[in-house]
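> Single-letter residue listing:
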Amino acid sequence: MPEITLIEALRQAMDEEMERDERVFITGEDVGRRGGVFRATQGLYDKYGPDRVIDSPLAELSIVAIGIGAAMVGMRPICEIQFADYIFPAFNQIVNEAALIYYRTGGDWNVPMVIRAPYGGGIGGGLYHSQSVEAFFAHRPGLKIVVPSNPYDAKGLLKSAVRDPNPVMVFEPKKGYRLIKGEVPPGEYTVPIGPAAVTREGTDVTVYAYGMMHYYVLQAAEMVAQRDGISCQVVDLRTLVPLDTKTVLESFKKTGKALIVYEDNRFLGYGAEIAALLSDEAFEYMDGPIRRLTGPDRPGVPFAHTMQDFYMPNPDTIADAIRDLAAY
Amino acid sequence: MATDLQTAHQIDDTGIDLDDQTLLEMYWQMVRARRLDERVWILHRQGKIAFHISGIGHEGVQVGAAYAMRRGHDYASLYYRDLAFSLSLGLTPLDFMLAVFGKAGEPTSGSRQMPSHWSSRKLGMLSSSSPVATQVPQAAGAALACKLRGDDRVVIVTLGEGSTSEGDFYEGLNWAGVHQLPLVCLVQNNIYAISVPVHLQMAVPNVADRAPMFGIAGAIVDGNDVLASYRVMREAVERARSGQGATLVEAKTYRPVPHSSDDDDRTYRSRDEVEEWKKRDAILRFQVYLRERGLLDDDAIAEIEERVRQEVDEAHAAAEAAPYPPPEDTLFPVFAPDDGA
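Chains as they are written, first to last, in our numbering: chain A, 104 to 431; chain B, 4 to 344.
The following block holds chain A by itself, in its conformation from the complex:
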C-alpha cells in the first residue's frame, strides 16, 4: 500500500471529490495558480481550471460567506482559510450564519460547505501562524469539526466533509503536513464523521488526543510501555463535534484514569469538555483525577524556539504526565 504525507492525502481527497461531483469547487487565498501556500491544492488549478479552483481576494469573511451563499443554492464549496489564526474575520459568518441556517429555517435551507484551515504550532510560526481555534467553534452548535491525525483519516474525513450536508470545519495539523506519513489505500473510501478511533488498547491509563498531539501521544504510550510497563488506552478523537461520547466513556471505564492532551490553551480548551463528560457520566469508574496536558494560558505560540518548545506538549512531557497519573 502506498505511503503518503498528510498534505498529499488532503490533496487527493479534494481531487477525488472534485472529479466525482461537479458541484464541488475550491476557493481561498493562493489556492489556484500557487497550488496553496502549503501546496494542499497543487495541480488542481491546471486540472479543473479557474472556475473551480478560485483564487479569492484577501478577505476571509468573504471566503466563508461566498461559500455559504453558494452552498445554500446547491454547490459544494471547499473554503480554505490560509492559517487558522486568520479565521476570525469570518467568525460572525461561521458562528452566526453557517452554524444557524439549518436550525433557524426549520431545515428549509442547509449549508453543505467545508471550511478547512491549517492549525497548530511547532513550525516556527509565532503568535499568528500557530494558533489552535477549535474551541471557539466547537462551542457553537451547528458546526461539525474534524481534526485528522494521520493521512488515512485526513483523506477519508475530508471526503466525508465534502459530502456532508452541513458546515464542516477541518482543522489540519500543519506541523504534520509533511512530517506525518501513512498508508493510504489506492481506491475509493471515506472515514465517517463522528466515530473516534481507539488507536492503542490498554488497561492502566486512557489518553485522549487529536491532531498533532495524537501523533506524540502514540510515541509517549510506546515509551511508557517499554520503560515503565504502563499500558495505555489511546483514543484519537478525530471528530470534535459531534463527539463520540460512547467511545470516550467506554475507553475510560477500562482504566479509570484519563489524561487529555491538547496543544490549545488550557482554560476552556476542547479537552475541558471531555473532563466534564467523564466526571458526570463515569464517576463510579474514576480511579484518579481527570488530568489535562495542554499549552499554557498564553495567547499564542511564541516564535523563539526555546519558548515554542516550552509551549508545546511533546512525547517526553506526555510520558511524564502518563507516569504521574498511573502512579496516583
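Treat the hints as calculated values from the structure; they're not laboratory data. Cβ coordinates follow ideal geometry from the N, Cα and C atoms, glycine included. Mixed in with the good hints, there may be bad ones.
[Unchecked claim] Here are the simulated lysine to any residue pairs, SDA-like style, with alpha carbons at most 20 Å apart:
(1) B:Lys106 <-> A:Lys262
(2) A:Lys349 <-> A:Glu387
(3) A:Lys262 <-> B:Ala339
(4) B:Lys150 <-> A:Gly152
[As the list claims (entries may be wrong)] FRET-style restraints, in silico, Cβ to Cβ:
(5) B:Gly108 <-> A:Leu282: 54 to 60 Å
(6) B:Ala53 <-> A:Arg137: 50 to 56 Å
(7) B:Arg152 <-> A:Thr409: 51 to 57 Å
(8) B:Lys281 <-> A:Pro345: 51 to 57 Å
(9) B:Val207 <-> A:Pro298: 51 to 57 Å
(10) A:Phe191 <-> B:Lys281: 43 to 49 Å
(11) B:Lys125 <-> A:His408: 54 to 60 Å
(12) A:Thr409 <-> B:Phe54: 43 to 49 Å
(13) A:Asn417 <-> B:Pro329: 48 to 54 Å
(14) B:Pro208 <-> A:Gly146: 48 to 54 Å
(15) A:Tyr292 <-> B:Trp31: 56 to 62 Å
(16) A:Ser382 <-> B:Pro329: 28 to 34 Å
(17) A:Asp412 <-> B:Phe54: 28 to 34 Å
(18) B:Ser273 <-> A:Arg401: 50 to 56 Å
Given the structure of chain A, go ahead and fit chain B onto it with the hints provided.
Just chain B, lined up with the frame of chain A:
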C-alpha cells in the same frame, strides 16, 4: 390630494412597458403590505404581540424591485423591512401574522426567529438573519453559483444604508466586481439607521457613489416612485442576466415610522420632517398617477381597501387562534441528516 403633490415628485413612467392589470396589481401589493403592516402596529400597541419592525414607507421600491425580477426563478436575499417585497414574492399575510404572534406552523423558522426574518426555499428567498449586511457576500456566493452553473438566474440582495458601513458589504461587492457576478444590490436609503442620520454614516452624498470602487455599475432612484424603481431595477436585473455584471442600486426613500416597536423616533427627528415626507408617500403618489391614467377612481380604491382589509382580518384571526409551538421545538436539530446526495 393633487394639490399636496404639486410640491412632491410625480411618478416617472418613462419607458414603462407594464399593462394596466399589472399596474393595478402592483398598487394592490403596496396597499396590502401597508395595511398588514399598520394592523401589526396596532396589535403591538394593544400589547398582543411582542415586537414589530416595519416596512412602512418602502412599499414603492420593494414592489418595483419584486416585479422587476423573475419571481420564482431569481433569488432574493432580503432584509427585515422587506414585507412588501416578500408578499410580492408569495409570502402570505397569514405567514407573516404567524411570525408576529410567534405561533406554531410559522413557515420561515417555526417561530425560532423574530418576525421579518424572511426565508423560503420554495419562493427563492435565501434565509435572513439579524446581523446586518451578512447577506451581501452570501448573495454574491449564490450569484457565483448561478454563474458557475451557467443558469440565467439573478440574485437580488437588499439592505439599508446603515448596513453599508459593515465590512461584509465591501467584501461581497468586491467579489461581485472581480467576477462580474449576476447580482443586484439594492440599498434602501431611508436616511436613518435607527437614530443615526446618513451624514454620520458616510462621507459621500450617495451610497451608489461607491459603485466604481467595486468596478460595478451604480444607479440612484427615487424609491418612493414605484415605476421609476421598477425601471431601474429592471435595467440592473437585465444587466446581470446578460452576463454584464452587478449593479449597486440606491433607492432614496423614507421611514415615517420608528425603526421598530422598541424605538421612539421623537428622540431624534422632528414631526415636521416626518410630515413632509408623508406627502411624498409612495402609495399616495401612485394612486394619484393611476387616477390620472383612469385606472383608479374612488370606487376602485374602496374595493381594493375592502379586499385588503378582509385578507388582513382573516390572517389576523387565524394567527391569533393558532397554538403556540410546543416547548420541545427548541430542540429542533442543528444538523441536516446525511441523505447521501
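> If a hint holds in the structure, say so; if it doesn't, say that too.
Here is what the structure says about each hint:
1. B:Lys106 <-> A:Lys262: This hinted pair is violated, its Cα atoms lying about 40 Å apart.
2. A:Lys349 <-> A:Glu387: 16 Å, holds
3. A:Lys262 <-> B:Ala339: Given pair Lys262 of chain A, Ala339 of chain B holds - Cα atoms ~17 Å apart, limit 20 Å.
4. B:Lys150 <-> A:Gly152: Holds, at about 15 Å.
5. B:Gly108 <-> A:Leu282: 54 to 60 Å: 55 Å, holds
6. B:Ala53 <-> A:Arg137: 50 to 56 Å: 52 Å, holds
7. B:Arg152 <-> A:Thr409: 51 to 57 Å: 53 Å, holds
8. B:Lys281 <-> A:Pro345: 51 to 57 Å: Distance hint for Lys281 of chain B, Pro345 of chain A holds at roughly 54 Å.
9. B:Val207 <-> A:Pro298: 51 to 57 Å: 55 Å, holds
10. A:Phe191 <-> B:Lys281: 43 to 49 Å: Holds: the Cβ-Cβ distance is about 45 Å, inside 43 to 49 Å.
11. B:Lys125 <-> A:His408: 54 to 60 Å: Because 58 Å falls inside the window, the suggested range holds.
12. A:Thr409 <-> B:Phe54: 43 to 49 Å: 57 Å, violated
13. A:Asn417 <-> B:Pro329: 48 to 54 Å: For Asn417 of chain A and Pro329 of chain B the Cβ distance comes to about 52 Å; the hint holds.
14. B:Pro208 <-> A:Gly146: 48 to 54 Å: Given about 50 Å between the Cβ atoms, the range holds.
15. A:Tyr292 <-> B:Trp31: 56 to 62 Å: At 59 Å between Cβs, range holds.
16. A:Ser382 <-> B:Pro329: 28 to 34 Å: At 33 Å between Cβs, range holds.
17. A:Asp412 <-> B:Phe54: 28 to 34 Å: Between Asp412 of chain A and Phe54 of chain B, where Cβ atoms are some 55 Å apart, the hint is violated.
18. B:Ser273 <-> A:Arg401: 50 to 56 Å: 55 Å, holds
Checked against the numbered hints above, the structure violates hints 1, 12 and 17; every other hint is satisfied.
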